[in-house]
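*Asks:* In case you want the letters, here they are:
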Amino acid sequence: MEEEMHTDAKIRAETGAGSSPRGPGCSLRHFACEQNLLSRPDGSASFLQGDTSVLAGVYGPAEVKVSKEIFNKATLEVILRPKIGLPGVAEKSRERLIRNTCEAVVLGTLHPRTSITVVLQVVSDAGSLLACCLNAACMALVDAGVPMRALFCGVTCALDSDGTLVLDPTSKQEKEARAVLTFAVDNVERKLLMSSTKGLFSDAELQQCLAATQAASQHVFRFYRESLQRRYSKS
Amino acid sequence: MKETPLSNCERRFLLRAIEERKRLDGRQTYDYRNIRISFGTDYGCCIVELGKTRVLGQVSCELVAPKLNRATEGILFFNLELSQMAAPAFEPGRYLNLFLKIYLFKIHFQVWQIRVDLHLLNHDGNIIDAASIAAVVALCHFRRPDVSVQGDEVTLYTPEERDPVPLSIHHMPICVSFAFFQQGTYLLVDPNEREERVMDGLLVIAMNKHREICTIQSSGGIMLLKDQVLRCSKIAGVKVAEITELIQKALENDQKVRKEGGKFGFAESIANQRITAFKMEKATIDTSDVEEKAEEIIAEAEPPSEVVSKPVLWTPGTAQIGEGVENSWGDLEDSEKEDDDEGGSDEAILLDSIKMDTGIEVSDIGSQDSEEEEMIILEPDKNPKKIRTQTTSVKQEKAPNKKPVKRRKKKRAAN
Numbered sequence: 001m002e003e004e005m006h007t008d009a010k011i012r013a014e015t016g017a018g019s020s021p022r023g024p025g026c027s028l029r030h031f032a033c034e035q036n037l038l039s040r041p042d043g044s045a046s047f048l049q050g051d052t053s054v055l056a057g058v059y060g061p062a063e064v065k066v067s068k069e070i071f072n073k074a075t076l077e078v079i080l081r082p083k084i085g086l087p088g089v090a091e092k093s094r095e096r097l098i099r100n101t102c103e104a105v106v107l108g109t110l111h112p113r114t115s116i117t118v119v120l121q122v123v124s125d126a127g128s129l130l131a132c133c134l135n136a137a138c139m140a141l142v143d144a145g146v147p148m149r150a151l152f153c154g155v156t157c158a159l160d161s162d163g164t165l166v167l168d169p170t171s172k173q174e175k176e177a178r179a180v181l182t183f184a185v186d187n188v189e190r191k192l193l194m195s196s197t198k199g200l201f202s203d204a205e206l207q208q209c210l211a212a213t214q215a216a217s218q219h220v221f222r223f224y225r226e227s228l229q230r231r232y233s234k235s
Numbered sequence: 001m002k003e004t005p006l007s008n009c010e011r012r013f014l015l016r017a018i019e020e021r022k023r024l025d026g027r028q029t030y031d032y033r034n035i036r037i038s039f040g041t042d043y044g045c046c047i048v049e050l051g052k053t054r055v056l057g058q059v060s061c062e063l064v065a066p067k068l069n070r071a072t073e074g075i076l077f078f079n080l081e082l083s084q085m086a087a088p089a090f091e092p093g094r095y096l097n098l099f100l101k102i103y104l105f106k107i108h109f110q111v112w113q114i115r116v117d118l119h120l121l122n123h124d125g126n127i128i129d130a131a132s133i134a135a136v137v138a139l140c141h142f143r144r145p146d147v148s149v150q151g152d153e154v155t156l157y158t159p160e161e162r163d164p165v166p167l168s169i170h171h172m173p174i175c176v177s178f179a180f181f182q183q184g185t186y187l188l189v190d191p192n193e194r195e196e197r198v199m200d201g202l203l204v205i206a207m208n209k210h211r212e213i214c215t216i217q218s219s220g221g222i223m224l225l226k227d228q229v230l231r232c233s234k235i236a237g238v239k240v241a242e243i244t245e246l247i248q249k250a251l252e253n254d255q256k257v258r259k260e261g262g263k264f265g266f267a268e269s270i271a272n273q274r275i276t277a278f279k280m281e282k283a284t285i286d287t288s289d290v291e292e293k294a295e296e297i298i299a300e301a302e303p304p305s306e307v308v309s310k311p312v313l314w315t316p317g318t319a320q321i322g323e324g325v326e327n328s329w330g331d332l333e334d335s336e337k338e339d340d341d342e343g344g345s346d347e348a349i350l351l352d353s354i355k356m357d358t359g360i361e362v363s364d365i366g367s368q369d370s371e372e373e374e375m376i377i378l379e380p381d382k383n384p385k386k387i388r389t390q391t392t393s394v395k396q397e398k399a400p401n402k403k404p405v406k407r408r409k410k411k412r413a414a415n
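Line by line, the protein sequences are chains D and R.
Here the first sequence stands for residues 1 to 235, numbered as in UniProt numbering.
Here the second sequence stands for residues 1 to 415, numbered as in UniProt numbering.
Hints in this document: simulated from the structure, not taken from any laboratory.
Yeah, the Cβ is synthetic: ideal placement off N, Cα and C, and Gly gets one too.
You can take every hint at face value.
A few chain D residues that face chain R, going by a derived Cβ cut-off under 7 Å, partial list only:
id	residue
1	C26
2	F31
3	K83
4	F223
Chain D on its own, in the form it takes in the complex (with noise of 0.2 Å):
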């Protein structure tokens, strides 16, 4: 069954807009997620949308450089490493974007003076890059154990040249995509916590993208939940 629903993927993937234009047709590739998996973190998590795959590793809370302590709360630090080369300046956007939608979530003032550094590294980019970091970083900031008042995810759509919306794209449909969005959603209230657009789009169709994200969050947290629940069915 599996087998199918891959090779389904594959098939829907390729041809994009064959769903119709805003109609049900939007899907969410593929997901896993490994937990635990670095034994040096304090937390670690890899996330697979599809091909792309992010893995993630939490220290915290840990001791903090003295320039760097916050006196009532903690300093959350996120690095960002691409496949190939030297970080640059998107990474630093990027790592900027996740810092704060982590820092909107984590309850920092119970660990005042202290570091929560999230280390993320790209290990394969095949579209919806920034969504799959913050998910990834979400959940190894669950397997640290570090104290968050919600969780969050990252979804991201683009708008095709006829205004279709396909949700969680391949780098195909990015780069051919007249706007590409992602948004970072928190699973109390479906709340926005972050949005990076890049393209032109109309106020109409930003308004319809994060009604579609919130759609979509629902499902990527339903994933989260029954994968811990798979986690700590043992204990």
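The hints should help you fit chain R onto chain D, whose structure is shown.
*Replies:* Here is chain R on its own, set in the frame of chain D:
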């Protein structure tokens, strides 16, 4: 983050155990940990797990102009990233660069630059071996775009046009590490992280399956006898043969899976039966009500507040939007204004004299001792300065740049 230091009792325990020929994980002296190789969907991407040590290798290529002193050779570049996972002092790139022989021919004034990026994901000892295996596997797995040269024309085919071509690799050198304890009395193959912390020195031998030694490196300042080194090289020969066989098998498996059209990539290498791993198939999302929701939200939303921006052009190059907020810092010190002046004045700007109706009088402060904050707008044919609250006098503005600064400094000294 600081590394947690190794406690003395742990150190003593490890050394005592080694003296009694016991290792913490139950291995024998010459045993390697389990090696697991998994490939990604792109060519040239692999993850190697040596016990818990994990290294990700990725190979990429591009056409570049060759180095001047080696005009006909390609360039092979290694990069080992040690992220926050660990910070040892070794650089495997050095070892690998010396002996890896890959012929990369010159293609019409450009050569291939092959770049191997190795990322250490988890440090549990023996990074050098893991990194060397990852590099060799990634290079063997990699496919470069096909190129054809016809006279002066060079055509680079995309992977869709023509199947990419593997690199021509002559032999596969693998590093084997030996850790020495108690001044060379005891040795262990493939030390893990704890054993590495208490070792005295490390000997790395890079060999290929034809028993040719490519590199030997000894670090840590241990003094070894000749027969110790020979013994190590014999052990290395055996180990390298085993590892090379493992690599070949993994590469063949992957190739078979790709040819048969089966599933490949990291998604498949996540073990199903592990309780910490979970998979979900493709999920369709119903987005049919997305349009209505969006329209609702837009209808209910308040219109954006009217933003009236009336830009005022003072001089060419100086414009102002809005009035700004009242300065809440209190009285500015002289020194801060000094900095402003130094930054604002630019003698090089010579503008056409466009007389602007500024609407603000040029007030003459007069004496140098004035410390009031006043706005001075200069005539455009004089030295234009940015509008800032500053203490200055008309006299100073006419003078060249350096003088006002000096005068102000004197003023401060006087104060």
